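From just these sequences and the hints, can you work out the full model?
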Amino acid sequence: MKLLEHQAKEQLRGAGIECPTGRVARSPQDAQRAAEELGPVVIKAQVPIGGRGKAGGVKLAQTPAEAHDAAAAILGMEIHGYSVPSVLVEEALQIAKEIYLGVTVDRDRRSQVVILSFAGGMEIEEVAEHSPEKIAKLWPDPFAGPHPFEIRQLALRALAAVGGDDSLPKGRYLTTLVPVVQRLFGLSQRLDASLCEINPLVVTASGQVIAGDAKIEIDQNAEFRHHDLVRQLGADSAAATSGDDPLEVEARRRGLTYVHLGGSVGIIGNGAGLVMNTLDLVKQHGGTAANFLDIGGGARAEVVKQALEMLLLDPEVKGVFVNIFGGITRGDEVARGLISARDELHMTLPLVVRMTGTREEEGRQLLEAAGITPAVSAAEAASKIVELVGAGASA
Amino acid sequence: MTGSEGSFHTQQMLDFGTQVVAGVSPGKGGSKHLGLPVFDTVAEAVQATGANTAGVFVPPAFGADAIMESSAAGVSLVVCITELIPVNDMVRARAFIDARGTRLVGPNCPGLMSPGERAKVGIIPNHIATPGRVGVVSRSGTLTYEIIQALAGAGYGQSTSVGIGGDPVLGVSFSDVVRLFGDDAETELVVLAGEIGGSDEERAAELIGRGYPKPVVGFISGRSAPPGKRMGHAGAIISGTTGSPASKVAALEKAGVQVADTIEQIVELVRERLGAAARS
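Residue numbers (this note's numbering), protein chains in the order written: chain X, 1 to 395; chain Y, 1 to 280.
To be clear, the hints were calculated from the coordinates, so they are not data collected in a lab.
All values reported here derive from a predicted model rather than from experimental measurement.
Just so you know, even glycine gets a beta-carbon here, dropped at the ideal spot from N, CA and C.
One should not assume that every hint holds.
[Unchecked claim] Stretches of chain X that chain Y covers, calculated by requiring three or more beta carbons in the stretch to come under 8 Å of a beta carbon on chain Y:
id: 1; region: 21 to 34
id: 2; region: 98 to 109
id: 3; region: 189 to 196
id: 4; region: 350 to 361
[To be verified] Here are the simulated DSS-like cross-link-like pairs (lysine-lysine), alpha carbons at most 27 Å apart as the crow flies:
id: 5; chain 1: X; residue 1: LYS54; chain 2: X; residue 2: LYS2
id: 6; chain 1: Y; residue 1: LYS229; chain 2: X; residue 2: LYS54
id: 7; chain 1: X; residue 1: LYS283; chain 2: Y; residue 2: LYS254
id: 8; chain 1: X; residue 1: LYS305; chain 2: Y; residue 2: LYS229
id: 9; chain 1: X; residue 1: LYS97; chain 2: X; residue 2: LYS54
id: 10; chain 1: Y; residue 1: LYS229; chain 2: X; residue 2: LYS283
id: 11; chain 1: X; residue 1: LYS137; chain 2: X; residue 2: LYS59
id: 12; chain 1: Y; residue 1: LYS229; chain 2: X; residue 2: LYS215
What follows is the structure in structure tokens.
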């Protein structure tokens with residue numbers, strides 16, 4: 001779950017990291033009132049996606065009247081598919097330096113990593129690709145967190161990587177960054193965050209170090225530990241998630257592991273690797289997969305029905321390929337689910353079922369009795385469904 | 001072990017021939033389940049039975065703790081089947097077990113099976129096991145079963161099959177397992193079935209490229225997946241240029257590994273390699 005900027009900053013403030021004073025506004029009038037209170041402000045679109053600035057979702061306003069007009073321009077704007085329901089009106093900073101600071105997981109090292117770069121401000125992926133030497137990293141002990149001496153070393157490496165920086169005296173950098181890094185790391189662990197990022201961490205003209213922007217993503221697997229936060233933030237950002245694929249939103253509501261891909265062959269399988277391979281097979285046979293849908297291990301008839309129902313919500317789907325390798329998944333359960341779903345949904349699209357494993361014989365008999373021919377191999381099934389969908393499309 | 005998943009799979013492991021000696025279920029210590037003694041803690045189970053391996057089937061909230069408990073109790077191998085463990089939990093668990101020298105397979109994996117030894121820890125279906133000389137290492141469950149079944153159908157059994165798991169933070173890597181297969185007298189050829197995401201396959205390719213004593217056949221699934229979309233497994237995502245199928249296939253081919261496009265092709269490549277090996 002991605003927090004909006006103002007939500008992420010509330011978390012940072014709670015952790016003791018300084019953020020600019022700001023107000024959330026849902027109308028140009030709100031924005032104007034906030035600017036009357038704050039002076040020169042930045043108006044920022046509250047959408048859970050990067051690249052807001054380039055898309056015109058961030059504007060500077062010197063006066064309340066300008067703030068009104070800037071908010072009017074941004075509210076309701078669409079940014080990468082997300083309509084903007086609110087803006088953050090924040091005191092404008094006198095920026096002397098922009099630093100990148102992030103905590104995330106380094107999967108190659110099986111570790112958390114603190115990333116610091118004095119080439120902040122832009123996308124860290126860009127810096128990583130074009131000038132990786134400007135990035136310094138620290139892999140802390142996950143129980144103790146980064147020690148102050150490690151953070152000082154990290155800061156010195158990051159400074160050396162850009163040939164030093166005069167926005168602050170070196171000693172000030174070292175003493176200022178230690179608590180910021182420690183607090184950000186602590187916050188990332190308390191929130192079970194897969195990403196906690198301050199970009200830019202701004203050094204102001206007066207030497208203050210303050211979070212210019214913030215991005216926090218809570219690990220989906222850990223949301224069970226943060227029910228209150230999820231509820232509160234979910235309600236607050238509901239309007240801002242409208243950019244998500246509606247089919248994927250519906251699948252989440254149904255508790256299905258589904259990814260919309262846009263082709264014409266609906267896919268249901270068990271096990272992520274098997275489903276990925278099924279998509280590849282459809283492509284190899286000249287078809288296009290409509291989706292990824294994994295019904296997981298030990299799926300019961302009801303889940304299979306849910307899955308089929310889900311695929312039929314996609315108007316692009318012209319046929320369905322079900323690929324089940326029964327390990328702990330039982331063939332008869334899958335067959336029963338498919339048959340009752342097909343009948344209840346009055347499904348007329350081509351349906352090809354490939355099934356093997358536990359109780360496959362019982363499953364096949366059930367399918368055959370219901371007029372569905374099961375394929376023996378996945379390759380045979382892929383070729384069959386692509387042929388049927390192709391024929392259906394040209395008819 | 002007394003839960004529904006734990007019970008079912010413990011029975012399957014026993015049926016397969018695995019020497020399961022005890023179960024652990026906090027609060028049920030002193031009872032018996034499936035004819036086995038049940039203990040409150042892993043430490044007690046290890047002390048009483050001398051168990052050297054732990055299979056973890058607990059719900060995700062308790063997964064990392066169960067891994068650490070097993071490691072602290074002194075087992076040398078932990079196999080964690082549990083899916084959906086928070087990633088930061090796993091980072092801490094990894095650091096904990098690394099400090100104690102415990103080997104972990106998983107999480108979010110089907111476990112491992114050695115058909116010739118009649119030993120399995122995990123959920124690989126018993127009926128597909130066929131003793132033989134192919135070592136199979138893969139990220140996923142069902143896709144691994146497909147590969148095992150296809151190979152067995154063509155007469156190639158397995159020395160050992162290992163599913164390393166679909167999570168971003170794992171125990172053993174492809175490289176670790178490939179290295180072990182290299183030293184394993186029962187393994188003549190290795191099938192490495194990777195998928196999009198991360199760069200474990202690339203690391204294994206580097207290892208193989210430096211000189212590896214056995215033929216390796218590669219396979220990468222998720223080749224048609226678009227970037228930025230997580231394909232079921234928490235780790236199966238192409239972010240930027242990292243984790244792309246092109247990078248993995250190129251790395252493997254550079255290391256002299258032939259990469260199959262389909263499961264049928266895996267079988268063909270194994271036949272070519274093992275046939276040639278038998279003639280020489």
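Right, here's what the structure says about each hint:
With 0 residues carrying a beta carbon less than 8 Å from a beta carbon of chain Y, the region 21 to 34 of chain X misses the three-residue requirement, and the given coverage is violated. Here the region 98 to 109 of chain X counts 3 residues with a CB under 8 Å from a CB of chain Y, which clears the bar of 3, and the coverage holds. With a cut-off of 8 Å between beta carbons, the region 189 to 196 of chain X has 4 residues touching chain Y; three or more are needed, and the interface restraint holds. Taking a C-beta to C-beta cut-off of 8 Å, the region 350 to 361 of chain X contributes 3 residues in contact with chain Y, enough for the three needed, and the coverage statement holds.
A threshold of 27 Å between alpha carbons decides the hint, and for X:LYS54 with X:LYS2 the separation of about 20 Å falls inside it, so the pair holds. Distance restraint check for Y:LYS229 and X:LYS54: the Cα-Cα separation of roughly 23 Å lies within the 27 Å cut-off, and the hinted pair is therefore satisfied. Restraint check for X:LYS283 and Y:LYS254: the C-alpha separation of about 25 Å stays at or below 27 Å, so the hint holds. A distance of roughly 24 Å separates the Cα atoms of X:LYS305 and Y:LYS229; the hinted pair therefore holds under the 27 Å criterion.
Taking the CA atoms of X:LYS97 and X:LYS54, the gap is near 20 Å; set against the 27 Å cutoff, the hint holds. With a C-alpha separation of about 17 Å, the suggested pair Y:LYS229 and X:LYS283 falls inside the 27 Å cut-off, and the hint holds. The suggested pairing of X:LYS137 with X:LYS59 is violated, with an alpha-carbon distance near 32 Å, which exceeds 27 Å. For the suggested pair Y:LYS229 and X:LYS215, the alpha carbons sit about 19 Å apart, so the restraint of at most 27 Å is met.
When held up to the earlier numbered hints, the structure conflicts with 1, 11 and fits the remainder.
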